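Visitor: Chain B: place on chain A using the hints.
There are 2 protein chains.
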Amino acid sequence: MLTKNDIKLIKNLRTKKHRILNGMFIVEGRKSIIDFIDSGYSLVKLFSVNEHFNNLNSLKLSYFDLKKISHLKNPDDHLAIFKIRNSKKINEKKLIIGLEKINDPGNLGTIIRTCDWFGIKDIICSQNSVDCYNSKVVQSSMGSLSRVNVTYLDLKEYLKSKSFIKSATFLDGKSIYESEISLSSGIILFGNEANGISSEIEKIIDKKITIPRFNNSKYPESLNLASSVSIILSEILRNS
Amino acid sequence: MLTKNDIKLIKNLRTKKHRILNGMFIVEGRKSIIDFIDSGYSLVKLFSVNEHFNNLNSLKLSYFDLKKISHLKNPDDHLAIFKIRNSKKINEKKLIIGLEKINDPGNLGTIIRTCDWFGIKDIICSQNSVDCYNSKVVQSSMGSLSRVNVTYLDLKEYLKSKSFIKSATFLDGKSIYESEISLSSGIILFGNEANGISSEIEKIIDKKITIPRFNNSKYPESLNLASSVSIILSEILRNS
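Chains as they are written, first to last, in the working numbering: chain A, 217 to 456; chain B, 217 to 456.
I should point out that these hints are in silico values taken from the structure, not numbers from a laboratory. Warning: the hint list may mix true and false statements.
Treat identical chains as interchangeable: a pair holds within one or across any two.
Taking lysine to any residue and the SDA-like style, the derived pairs with C-alpha atoms no more than 20 angstroms apart in a straight line are [claimed, not checked]: (1) 299 <-> 408; (2) 247 <-> 408; (3) 352 <-> 288; (4) 232 <-> 365; (5) 434 <-> 255; (6) 352 <-> 416; (7) 434 <-> 365; (8) 289 <-> 321; (9) 390 <-> 451; (10) 283 <-> 293; (11) 317 <-> 370; (12) 289 <-> 230; (13) 310 <-> 430; (14) 304 <-> 343; (15) 284 <-> 343; (16) 247 <-> 411; (17) 352 <-> 321; (18) 305 <-> 421; (19) 390 <-> 455; (20) 227 <-> 280; (21) 378 <-> 351; (22) 276 <-> 293; (23) 289 <-> 410; (24) 337 <-> 435; (25) 352 <-> 409; (26) 305 <-> 225.
This one's a predicted model, so the numbers in the text were calculated from it and none came from an experiment.
Pulled out of the complex, with its shape left as it was, chain A reads as follows (with noise of 0.2 angstroms):
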């Protein structure tokens, strides 16, 4: 049975601040639901348009409710509330992938995506950048966020009390094909859509690549976001 108090705490799971303060989120669809259990998630609650979901205990709701409280266009049959897992301690000794201010949820999802593909296990992110748990991050994750350490932190302190390597992504940086990225530990940084990384950022850099264009334009400007994490990480891990 769904309950108002259900429906209204789905809903309000929407928002970061409702988030924060309930302390959960929202993952729709039977593989990412089984990823988060699997990868040790806590489950609070499970609803299911059809009862069974591998012997847990569902409950059930017709596809009308489903539709009523999911934050998809077309939901799955089950919908999950898990409970916030805090970061983990980030591993040093591995490549990191950092990101200052990213804005689109697609984005985020699609970087995590990439970064369990290519076994990458620690993301940082600035203050301001999406909620990794806002349920479009959720959903474009595709139930990698499970498996992929994301941290939120002070990106410039954390940069500067560090002595590891400092690479990151700028359209005058010296081409990923030609310079030496093979890294296997150190960071690299990506900035924000639409700005990059900022000066204040740029001033802690040892390292700037970047992925040169091949049309004899000067379009278009800039790459996406999530290829550009691609194409870096397939570029140092083919050389590892």
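Guide: Frame of chain A; chain B shown alone:
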């Protein structure tokens, strides 16, 4: 002045049916509008919150009115109606990107932008793919749609009639880092977001390629489609 007919037309142009009926589509944002003009697209009407737009005749409207007609949540100050242009002849001497039943408009827009970056001039799509003049595609292509030729065709019949090398991405193909994929011509095909390449198309393929996973697990099941295209184009171009 924004007339009732303008409002009706712009709202209608959200659907493919009306884009085809009218032979028009919408572009929003100063940069993208300039890109389409520079690429020779025929401007039908231009609406601006600010009267000055590169010496073009624009119809002034209030931001309130723009919000009413915009396809975006946070509209830029300018909205244009352009005529749809027929696809150009496909240049089969150069590398082509092929997409089977691509569904997500954000993915198609990002792929168009990535192709533009890497100098790919032609994308072909199966007829059941999302329409490239869909406003989310136009938006996420960031103007690149004006420079990349997107052709919709019967993919199976087209591929069967051509003798160039046909590669396609599969989860069990040969690693792109090991196989020789420094192609300057031929086609690379990518399948639908959820189901990959169909068995019908698989039969016509010469070469199966894959982006290897680097994490010793079987998750995530796949990469985002636009990320896969980015990685493969980077790998081809770096070797060119």
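Visitor: Now look at each hint and say whether the structure bears it out.
Guide: Hints, verified against the model:
For a Cα distance limit of 20 angstroms, the shortest separation of residue 299 from residue 408 qualifies neither inside one copy, at 29 angstroms, nor across copies, at 33 angstroms. Taking identical chains as interchangeable, the C-alpha atoms of residue 247 and residue 408 lie at most 20 angstroms apart only when they sit on different chains, with a minimum of 18 angstroms there against 30 angstroms within one chain. Taking the shortest Cα distances, residue 352 and residue 288 sit within 20 angstroms of each other both inside one copy (9 angstroms) and across copies (17 angstroms). Within a single copy, residue 232 and residue 365 get their C-alpha atoms as close as 18 angstroms, which meets the 20 angstroms cut-off; across copies the closest is 41 angstroms, which misses it.
Taking the closest pair of Cα atoms, residue 434 and residue 255 come within 20 angstroms of each other only across two copies (14 angstroms); inside a single copy the shortest separation is 44 angstroms, beyond that limit. Proximity of residue 352 and residue 416 under a CA criterion of 20 angstroms is satisfied in neither setting, with 29 angstroms inside one chain copy and 33 angstroms between copies. For a Cα distance limit of 20 angstroms, the shortest separation of residue 434 from residue 365 across copies, 18 angstroms, qualifies, whereas the shortest one inside one copy, 37 angstroms, does not. Both within a single protomer and between protomers do residue 289 and residue 321 lie at most 20 angstroms apart by alpha-carbon distance, with minima of 16 angstroms and 15 angstroms respectively.
For the homomeric pair residue 390 and residue 451, the shortest alpha-carbon distances inside one copy (14 angstroms) and between copies (17 angstroms) are both at most 20 angstroms. In this homomeric assembly, residue 283 and residue 293 come within 20 angstroms of each other (Cα to Cα) only inside a single copy, at 10 angstroms, whereas the closest approach across copies is 34 angstroms. For the homomeric pair residue 317 and residue 370, the shortest alpha-carbon distance inside one copy (11 angstroms) is at most 20 angstroms, but the shortest distance between copies (42 angstroms) is not. Proximity of residue 289 and residue 230 under a CA criterion of 20 angstroms is satisfied in both settings, with 14 angstroms inside one chain copy and 17 angstroms between copies.
In this homomeric assembly, residue 310 and residue 430 come within 20 angstroms of each other (Cα to Cα) only across copies, at 14 angstroms, whereas the closest approach inside a single copy is 31 angstroms. For a Cα distance limit of 20 angstroms, the shortest separation of residue 304 from residue 343 inside one copy, 16 angstroms, qualifies, whereas the shortest one across copies, 46 angstroms, does not. With identical chains, the CA atoms of residue 284 and residue 343 are never at most 20 angstroms apart, being 32 angstroms at best within one copy and 33 angstroms at best between copies. In the homo-oligomer, the alpha carbons of residue 247 and residue 411 lie at most 20 angstroms apart only across protomers (15 angstroms), although the nearest pairing inside one protomer, at 35 angstroms, exceeds that limit.
In this homomeric assembly, residue 352 and residue 321 come within 20 angstroms of each other (Cα to Cα) both inside a single copy, at 6 angstroms, and across copies, at 15 angstroms. Taking the shortest Cα distances, residue 305 and residue 421 never come within 20 angstroms of each other, neither inside one copy (23 angstroms) nor across copies (46 angstroms). When the C-alpha separation of residue 390 and residue 455 is checked against a cutoff of 20 angstroms, the pair qualifies both within a copy, at 17 angstroms, and between copies, at 17 angstroms. Proximity of residue 227 and residue 280 under a CA criterion of 20 angstroms is satisfied intra-copy only: 15 angstroms inside one chain copy versus 28 angstroms between copies.
With identical chains, the CA atoms of residue 378 and residue 351 are never at most 20 angstroms apart, being 32 angstroms at best within one copy and 44 angstroms at best between copies. Taking CA atoms no more than 20 angstroms apart as the test, residue 276 paired with residue 293 passes inside one copy only; the shortest distance there is 10 angstroms, against 47 angstroms between copies. For the homomeric pair residue 289 and residue 410, the shortest alpha-carbon distance between copies (17 angstroms) is at most 20 angstroms, but the shortest distance inside one copy (27 angstroms) is not. When the C-alpha separation of residue 337 and residue 435 is checked against a cutoff of 20 angstroms, the pair qualifies only between copies, where the shortest distance is 13 angstroms, while the shortest distance within a copy is 34 angstroms.
For a Cα distance limit of 20 angstroms, the shortest separation of residue 352 from residue 409 qualifies both inside one copy, at 17 angstroms, and across copies, at 17 angstroms. In this assembly of identical chains, the alpha carbons of residue 305 and residue 225 never lie at most 20 angstroms apart, being 30 angstroms within a copy and 54 angstroms across copies at closest.
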